[in-house]
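Chain by chain, the residues:
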Amino acid sequence: MTSRTFSALTIRNVHKSFGAVGVLKGIDLEAQPGEFIALVGPSGCGKSTLLAMIAGLESISSGEIWIGDRLVNSVPPKDRDIAMVFQSYALYPTMTVRENITFGMESRGVPKAEQADAVKRVAALLQIEPLLNRKPGQLSGGQRQRVAMGRALVRDPKLFLFDEPLSNLDAKLRVDMRTEIKKLHNRVGKTTVYVTHDQVEAMTLASRIAVMHQGSVQQFDAAQTIYSRPANMFVAGFMGSPAMNFIPAELSDGEGRAAVTIRTVNGGSAALPLAQALPTRAPKNVVLGVRPEHIYRFSDDLRQRKPGLAAVQAPVDLVEPTGAETLAVLRFGDLEVTGRFDPDTAPRVGETMTLGIDMARACLFDPATQSLL
Amino acid sequence: MAEQAAALLFDAEAAAASRRHFWTRFAIYGVLTFFAAIYLVPLLVVVFNSFREQEEIARNGLISLPQTFRLDAWRDAWSSYCIAGTCEGMKRNFFNSLWMTIPATIISTLLGAINGYVLSKWRFKGSEVLFTCMLLGVFMPGQIALMPWAFVLGKLGLTNSTYGLILVHVIQGISFTTLFCRNYYLGIPDDLIKAARIDGAGFWRIFRKIILPLSPPILIVTVIWQFTGIWNEYLFGVVFTSGQQQPITAALVALTASGTTARAYDVMSASVLIGALPPLLIYLLGGKYFVRGLTQGAIK
Amino acid sequence: MSTQDLTIPITAPPRPWRDRIGTWAPILVLAPSLAASFVYVFLFTAWTLYLSVSNSSLLPSYDFAGLQNYVSLWSNRRWNIAYTNLFLFSGFYIVGSMAVGLLLAILIDQRVRGEAVWRTIFLYPLAVSFIVTGTVWNWLYNPVDGIQALVRSLGWSDFSFALTADRNYAIYAVIITGVWQSSGFAMALFLAGLRSVDPDLVKAAQIDGASAFRTYRKVVLPTIAPIFLAVAVIQIQFAIKTFDLVAALTRGGPGVSTTFPAIYVYDLMFQRGQIGEGAAAAVMMLAALAVVLVPYSFWVVWRRRRESGHG
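Residue numbers (full-length UniProt numbering), protein chains in the order written: chain U, 1 to 373; chain X, 1 to 300; chain G, 1 to 311.
Here chain U stands alone, though its shape is the one from the complex:
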């Protein structure tokens, strides 16, 4: 036997079905010690089921889940050395905050003195000392969230599981708590699996993201890779807001350089030279994926700085200023394309503007398989 180093969490070919319905179809994931993994996807993609299976709250139809060097398939939740924060917080309503936090230790027969020390440590860490004798019903949403995290932290587990912990908070508090979770993770350094449907949360918090859809992992990679090189059109469309523009295009080989031809307004067309070499065995028809922030107001000056820039003309249908930036709906043939502009160079409605598309950052997809070329 050769010794091997174990990941903090290993998931191998895990399946789950409820009756005849397959909910998870062969999931493979692993997390290094101390890593922050986000499971992200639309509702119904199976991410929460997967988390419940890691926690031991759902049985596994087939496959293996390892926590550290231990196969935990049939280990009950209490023996998996995990802690979990729920979307609803799941604070015990009849107990005080202190009792909520110590309930787990009490269940395990930890001595009273030790419990008191642990509560003190966690309360200080989360700044909830003044709340210890209150009931959950007397707390605000943010305070409940802190207590729920306190209950998880006090255990000092091998693995932290978060199930959409911020989705019940209002927008401003959500951003604050997000920052706080990040700080906390940096400080505590525990392996964490974090389920969310909010791609911004996933991007900001996680070192690696698993994007899930219809019961399988579409892509499992570093956050930036997921954003800039999405494995397929689903990942590309799901991550990023406003979403990536998908423009049907035709590959051409004009002027010795590979280019894509797209339709423009009034039945015209434009050839955009590709920044990279043409992928081998590419189909003739492709989908050009362009993120809104990679569309600029064209100028020669910009051309100098961004060599991949390709010019195209488009009329402006609608302008949405948000303050920090201005979004504009541009018309490419029959298609609406969203661009994201600096307020200073923002387009006006009715204007036909010359756009620069940064082809170095654009993605090409195969419309048949939907995957990245």
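Hints listed in this document are in silico derivations from the structure and should not be mistaken for laboratory results.
Distance windows between CB atoms, simulated:
#1 G/Glu115 with U/Lys25: 53 to 61 Å
#2 X/Asn160 with U/Arg108: 50 to 58 Å
#3 X/Glu88 with G/Pro143: 30 to 38 Å
#4 X/Arg19 with U/Lys172: 47 to 55 Å
#5 G/Pro222 with U/Arg348: 49 to 57 Å
#6 G/Pro222 with U/Ala116: 53 to 61 Å
#7 X/Asn160 with U/Gly19: 47 to 55 Å
#8 U/Thr322 with G/Thr223: 35 to 43 Å
#9 U/Arg348 with G/Arg195: 50 to 58 Å
#10 G/Leu229 with U/Ala116: 54 to 62 Å
With the C-beta cut set under 8 Å, the calculated list includes, among others, these residues of chain X facing chain U:
#11 Leu192
#12 Ile198
#13 Gly200
We treat Cβ as the ideally placed atom computed from N, Cα and C, and that holds for glycine.
Model the placement of chains X and G on the given structure of chain U, informed by the hints.
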């Protein structure tokens, strides 16, 4: 001028509206009072008559304001009035009912709470089907079980005994209590149970520490329902017990049936009140929670 | 998805016995109640069903006698009166208590003062047994001592109110008393239903210019339609089981005019020693109940399916 006219017009409209408002309120309270009288008169008649002298009742009629006041009827009804040849009043039957109702209520409520907990928070394959089958017990008419019960109680040696009635009421009551508790527990988030399982709590610890502390609203409903239901039950009482073992409902019927010519309304009124007081007290104490709980969980 | 799956995973290594007990605890705890309920619901029903086709008389016997008991039951005039009474009573009782209950609920819902007092007054009969109610109303209906005597003593000397003494009207005395007893219960459920209606809905109707009557008829009552059905089903159950009320109020009389199936079953089984025929009568009661409850439960299941289909 125009302004004045407008103000006048407005005043007239406002006055009409307030007149209309007054008459609407008057009608509402009028109808409510009428119905309240219908609901209260029978109660008042019985209460008054239990304190009136029999002669006065005979002279002034059953329904009239009391002119005499004495407690003799209550004493007679409690300890010395003759029912079917035995002159011990209602007290033995009262205690029969009490010692039947209290244990049967407690046992069926506890079983219902545990069953409801399992059927809502520890569901397994087929548990919904089992629950539906249990639920049928709610709808069974007692008559269909009379002969089988008579046989079973005979075999167990529990004929003509309070224990036999306790058994019957517990088993008949489980369907109700389970239904009430299960429906209520369905409203407790599953996440609480999951969190507790991760915290290392098992089946019983979750029940004791999390479910039970959340249960008072539904336990009040169940206890009131069971207590009043069992106390007021007549069919099983009259079929499975006789004479001194009978619960108070059966004794009341025997008592009022035994009056041949001149009815002793004073003693009978006191007896009726003795038979009605325990559930009335329970209801007056907990009625508020009863209606609230019933609509929260039980009837869905 | 919330359903817990207790099946043991395929790759399970040996587990400590305590865990296994933990897994089985819910089923073990449920087992005694389940067993008892099954005996009660299925075995007892089957038993009575069997008795109904046996030739049992004074004692149970298990010799098959075919449908003889049912034939003799249905050829009996008293049973036919009882079954007719059941439908007559059920109809008036349910409609009556729901109408009174709804009226009271709507009145109380008009932000009246002392709401708790009104509610308590209308609901207290629920806590009292049918025996007590029946006994007291028996007195009130009594022509010599009761309401008739009172009104006559006030000067209206030919006033007549003797429902229970007249075999054509005694059934209405039972109905009135039944409504008196249980309209409060209907009121409580209706009131809870009215309170659960979204206030914005009522406001919207008012802004649309609907009168109070129209608001109730078109907006409020339709939204609490399921409560109507629930109340009706609960009342039907009470109606079919009606035994206590009649036993205390009229004892089935005068003559046999207020006999009910529940009374008749009791008489056959325990007074006349005709257990087989009594069992047949009990089975007919169950049949009457099933006629109501089976369609209702199908409707409930259908509604739930439709809701979950949309959700």
